[in-house]
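Enquirer: Spelled out from the first residue to the last, the chains are:
Number of protein chains: 2
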Amino acid sequence: MGYVVYSCELLEKFCLNAFHKIGFTEEESKIITDVLMLSDMYGIESHGMQRLVRYHKGIEKGMIKLDAKPEIVMETPVTAVIDAHDGMGQLVGHQAMEMAIEKAKKSGIGIVTVRNSNHYGIAGYYAKMACDQGLIGFSATNSEAIMVPTFGRLAMIGSNPIAMSAPADPYPFFFDASTTVVTRGKLEMYNKMEKPLPEGWALDKDGHDSTDAPDVLKNIVAKNGGGIMPLGGSKEQSGSHKGYGWGMVCEFFCSILSQGTTSNFVNQNGKSGTCHAFMAINPAYFGNPDDIKKHFSQYLKELRESPKAEGQPRIYTHGEKEVAAVADRKKNGIPVNENTVREMIEFAKFVGIDPKEYFGDFAAKESKMFSGNY
Amino acid sequence: MGYVVYSCELLEKFCLNAFHKIGFTEEESKIITDVLMLSDMYGIESHGMQRLVRYHKGIEKGMIKLDAKPEIVMETPVTAVIDAHDGMGQLVGHQAMEMAIEKAKKSGIGIVTVRNSNHYGIAGYYAKMACDQGLIGFSATNSEAIMVPTFGRLAMIGSNPIAMSAPADPYPFFFDASTTVVTRGKLEMYNKMEKPLPEGWALDKDGHDSTDAPDVLKNIVAKNGGGIMPLGGSKEQSGSHKGYGWGMVCEFFCSILSQGTTSNFVNQNGKSGTCHAFMAINPAYFGNPDDIKKHFSQYLKELRESPKAEGQPRIYTHGEKEVAAVADRKKNGIPVNENTVREMIEFAKFVGIDPKEYFGDFAAKESKMFSGNY
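Residue numbers (my numbering), protein chains in the order written: chain A, 310 to 683; chain B, 310 to 683.
These are computed hints drawn from the structure, not numbers from a lab. Don't take each hint at face value.
The list treats identical chains as one, so a pair stands whether inside a single copy or across any two.
Said to hold, decoys possible - The calculated DMTMM-like cross-link candidates involving lysine to aspartate or glutamate, where the alpha carbons are at most 25 Å apart (straight line), are:
1) 532 to 619
2) 322 to 599
3) 544 to 513
4) 532 to 614
5) 674 to 652
6) 544 to 521
7) 366 to 647
8) 610 to 515
9) 544 to 508
10) 617 to 518
11) 639 to 441
12) 415 to 384
13) 639 to 318
14) 602 to 384
The whole structure should be built from the sequences, with the hints applied where relevant.
Expert: Spelled out as structure tokens, the structure:
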């Protein structure tokens, strides 16, 4: 399975036009595109163009409602609860984080929780929104059940990522991680690459270790059992209950506080029900923000400069790899899996724009190889 | 290495009297005792009586100042920063969580961060304080560096536990976990038991895997290198960077926001400098607290009742084992490692109470076996 490299500009233009053509306003299309592009720019392949097929199918099936108007069902100076009414996750996500940021600026802290939404891209995008304004940002989302609780065999919890970002020099701190060992996106990538999964990632339908990506994914879709292990694996000795606990913390802020759909019922009966949470904290409510930033930057520097394990050239702090990835993608473009390009071509045709305008050579080659496919 | 079983009442009486005798007020002694007893009652052996030796040594060396008066250096309706001035961690911890709870009741959310403190026991105690009043509670603490960052070989981050507790039926949710695979306390227990460490827990001074508890502990104390792995182990493939990231989240709320001592400088030059963080959230600011509790309880029930992995009799939700442990300890007493009993006898002698009054048979047997020792 090969990769095709496209410029950031081309992929951005494609997303903007595709989402605009399907019915989103220019501003909405820009927000959705921004979230997807940041993922690919950061090297988080699983949540960039690779996710378009899910939005395509979600819109096609009516799970994602193009004209949904999010409703603020409760609001206080420091909190809010929003019902997204099945709208696009990125749009309500952006709105909710803007609200959390405003609350943090005025009152010190803002927590906004969202129910009845859809997949919202990378959690880190929203945490970064707060950080870009000098605040500490958090975001989390639940998702279709994929994590098997410790000692279980049925996925009951989402990949449930939690992201945090905070100002620091020379790079902001940026931590965005599923509470499973890996995300479903990573399993899908291994599946597309036709490679066996590393040990310690997934469980078969009976709750035993499995390295068989297609089988694990098939069982997850069919709710046969099996799924991905929590961070810490499947045994308490390696901390399975801790990853499971972090998944629960995420679930609490997303689906419990918002009184929305828990992961074990997400994406069922034609409805997503995905829930999110957003928090912004104003460092000025704890001291001088410049002093706090300087103190954090110093510690991050000490970590990077601390002695390396034998054979390891470098210690990273969270957010460093992302900065390097952006520089690389801007210079060298974004490598996109061929299967993903095929999905993008299908998406183009679905929304009614010409795939050849964006993926000309590939589309031409494909139609030659599999005549009639496009 | 054997265990001796003592009643909860005896251990509680011992702690109360020992801390009172050393100079704490009755109320202060009760808070400290409560924190330690909850740990042993919950079956978290590493943070109960096993920790007394550290308080003993801390007081003896002057790292813990008996007469410290915590100072509120900044306060807003939703936040506060406290300088503990090297006081006992449990006392400033209790005070800080009380403040966070008051803020959450009045303003929806309260975050209090503390610098210049000492070891404060289990993080979960403070999270539970908020939960006992119908709120969502969080607490975290940094500690002497023990976690080696991914690709590093020197411990730079504490075990950095984060705890969360929230109301639910029939048991509250209670999650209290270090962001390392295991705590230093667990290593100390293996050391006392003279057992090799399980694989995947610790690193030697060069950053390679090690199962040698005394060697790892010796290297940590001497700052030679090595330490405990983050949750997720030492490799990115198993999620090492995620555990490392959670350790950083803890560090941020504790030592960065409070502008205190980062873990890599904790317990140096005769000063602890430990930092803590506390958060309380009022569910009434998100909806009807009873509805939220009911929704959470239902999900926890679904988790417990979901299909088990082949060969596993039971799935736990966080807090369930603790409830069972309390029932067991109340009925059957608390098993205390013999080495820990020896440390308690030393502590009794240090503060000036008669160890025979509490540990009569053991103390008598010991003085017979090692005459002159007691």
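Enquirer: Should residue 544 paired with residue 521 be assigned to within, between, both, or neither, using CA atoms and 25 Å as the limit?
Expert: Answer is both: 20 Å inside a copy and 21 Å across each meet the 25 Å cutoff.
Enquirer: I want to check one pair: residue 610 and residue 515. Are their C-alpha atoms no more than 25 Å apart within a copy, between two copies, both, or neither?
Expert: between (46 Å within a copy, 21 Å between copies)
Enquirer: Regarding residue 322 and residue 599, is the shortest C-alpha distance of 25 Å or less found within a copy, between copies, in both, or in neither?
Expert: Intra 37 Å, inter 48 Å, cutoff 25 Å: neither.
Enquirer: Cα distance capped at 25 Å. Does residue 639 pair with residue 318 within a copy, between copies, both, or neither?
Expert: For residue 639 and residue 318, only the intra-copy Cα distance (9 Å) is at most 25 Å; the inter-copy one is 67 Å.
Enquirer: Up to 25 Å between alpha-carbons, please classify residue 639 paired with residue 441: within, between, both or neither.
Expert: Classified as within; 20 Å inside a copy, 52 Å across copies.
Enquirer: Go through the copies and call it for residue 366 and residue 647: within, between, both or neither, with a Cα cutoff of 25 Å.
Expert: within (19 Å within a copy, 63 Å between copies)
Enquirer: Check residue 544 against residue 508 for me: Cα-Cα at most 25 Å, and say if that holds within a copy, between copies, both or neither.
Expert: both (13 Å within a copy, 13 Å between copies)
Enquirer: Check residue 415 against residue 384 for me: Cα-Cα at most 25 Å, and say if that holds within a copy, between copies, both or neither.
Expert: both (14 Å within a copy, 15 Å between copies)
Enquirer: Using 25 Å as the alpha carbon limit, work out where residue 602 and residue 384 are close: within a copy, between copies, both or neither.
Expert: Classified as between: cross-chain Cα gap 19 Å, same-chain 30 Å, threshold 25 Å.
Enquirer: Could you place residue 544 and residue 513 in one of the four classes (within, between, both, neither) given a Cα distance threshold of 25 Å?
Expert: both (15 Å within a copy, 23 Å between copies)
Enquirer: When no copy is specified for residue 532 and residue 619, does a C-alpha distance of 25 Å or less occur within a copy, between copies, both, or neither?
Expert: between (44 Å within a copy, 17 Å between copies)
Enquirer: Go through the copies and call it for residue 532 and residue 614: within, between, both or neither, with a Cα cutoff of 25 Å.
Expert: between (46 Å within a copy, 16 Å between copies)
This entry does not satisfy hint 2, going by the numbered hints stated previously; all others are met.
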